[in-house]
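Participant: Produce the entire structure from the sequences given, and follow the hints as far as they go.
One-letter residues, chain by chain:
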Amino acid sequence: SQQGEEDPQALSIQEGENATMNCSYKTSINNLQWYRQNSGRGLVHLILIRSNEREKHSGRLRVTLDTSKKSSSLLITASRAADTASYFCATVPYYTGANSKLTFGKGITLSVRP
Amino acid sequence: NAGVTQTPKFRVLKTGQSMTLLCAQDMNHEYMYWYRQDPGMGLRLIHYSVGEGTTAKGEVPDGYNVSRLKKQNFLLGLESAAPSQTSVYFCASSQTTDTQYFGPGTRLTVL
Numbered sequence: 052s053q054q055g056e057e058d059p060q061a062l063s064i065q066e067g068e069n070a071t072m073n074c075s076y077k078t079s080i081n082n083l084q085w086y087r088q089n090s091g092r093g094l095v096h097l098i099l100i101r102s103n104e105r106e107k108h109s110g111r112l113r114v115t116l117d118t119s120k121k122s123s124s125l126l127i128t129a130s131r132a133a134d135t136a137s138y139f140c141a142t143v144p145y146y147t148g149a150n151s152k153l154t155f156g157k158g159i160t161l162s163v164r165p
Numbered sequence: 063n064a065g066v067t068q069t070p071k072f073r074v075l076k077t078g079q080s081m082t083l084l085c086a087q088d089m090n091h092e093y094m095y096w097y098r099q100d101p102g103m104g105l106r107l108i109h110y111s112v113g114e115g116t117t118a119k120g121e122v123p124d125g126y127n128v129s130r131l132k133k134q135n136f137l138l139g140l141e142s143a144a145p146s147q148t149s150v151y152f153c154a155s156s157q158t159t160d161t162q163y164f165g166p167g168t169r170l171t172v173l
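Same order as they appear, the protein sequences are chains A and B. Just so we're on the same page, the numbering used here is the position in the first sequence counted from 1, plus 51. Just so we're on the same page, the numbering used here is the position in the second sequence counted from 1, plus 62.
The set of hints was computed from the structure by calculation and includes no laboratory data. Warning: the hint list may mix true and false statements.
Taking lysine-lysine pairs in the DSS-like style, the calculated list, with each CA pair at most 25 Å apart, reads [what the hints assert, rightly or not]:
{"id": "1", "chain 1": "B", "residue 1": "133", "chain 2": "A", "residue 2": "152"}
{"id": "2", "chain 1": "B", "residue 1": "132", "chain 2": "A", "residue 2": "152"}
{"id": "3", "chain 1": "B", "residue 1": "71", "chain 2": "A", "residue 2": "157"}
{"id": "4", "chain 1": "A", "residue 1": "157", "chain 2": "B", "residue 2": "133"}
{"id": "5", "chain 1": "B", "residue 1": "76", "chain 2": "A", "residue 2": "152"}
{"id": "6", "chain 1": "A", "residue 1": "77", "chain 2": "B", "residue 2": "132"}
Facilitator: Rendered as structure tokens:
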């Protein structure tokens, strides 16, 4: 069962514009992560935000977390054609222990037009 | 460092045949995972391991078996392949429950 649900399912923007992708989840989390997948490739980790954090930055990426609304947003600023990919949010549940696992959403397809 | 590698990259099986997918990591990670990715379904966890000699079931374990005899390797077996197992299979590893590092995937078709 999917924990995270991304919104929108697909996004098409012009190069240079900002892309905002949202993720909602159902149960309390330890952390939330965003991954990117280029066509035909494996997933690549982008950024991790913990439940006690509200915002993190990494280069052109900005992620926010609102635990009261059980939601997160990923903002890519000044998008480039190379940002065209699928983006997934993934959550680690709140309970601790060696068996904590990532649960992935279904992904968002981002197309950046040159 | 090669990171996470998967063998083979592509495979076509007939219904009922068996095969083993190999995942290897050179980062000395404790945790390893097998996922399948189907269109519109995201990634679903098949089995995982929290250390050498351990395995556990994920979300969709039926029809698959795994073994982790060496820390760096995680094998996924299909004993009797079915068309429903046509998918792209990804292996991943991690040192903690944080960042996972993914392999390039194996595209499996079962006829």
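Participant: Between residue 76 of chain B and residue 152 of chain A, is the straight-line Cα distance small enough, at 25 Å or below?
Facilitator: Measuring from Cα to Cα gives roughly 32 Å; hence the hint is violated.
Participant: Please work out if residue 71 of chain B and residue 157 of chain A have their alpha carbons no farther apart than 25 Å.
Facilitator: holds (23 Å)
Participant: Mind checking the alpha carbons of residue 77 of chain A and residue 132 of chain B for me, to see if they're no more than 25 Å apart?
Facilitator: violated (36 Å)
Participant: CA of residue 157 of chain A to CA of residue 133 of chain B, is that 25 Å or under?
Facilitator: Roughly 30 Å separates the two Cα atoms, so the pair is violated.
Participant: Holds or violated: are the alpha carbons of residue 133 of chain B and residue 152 of chain A at most 25 Å from each other?
Facilitator: holds (19 Å)
Participant: Given the hint that residue 132 of chain B pairs with residue 152 of chain A, test it: the Cα-Cα distance must not exceed 25 Å.
Facilitator: Holds, because 21 Å separates the two Cα atoms, which is no more than 25 Å.
Consistency with the previously given hints fails for numbers 4, 5, 6, ordered from lowest to highest.
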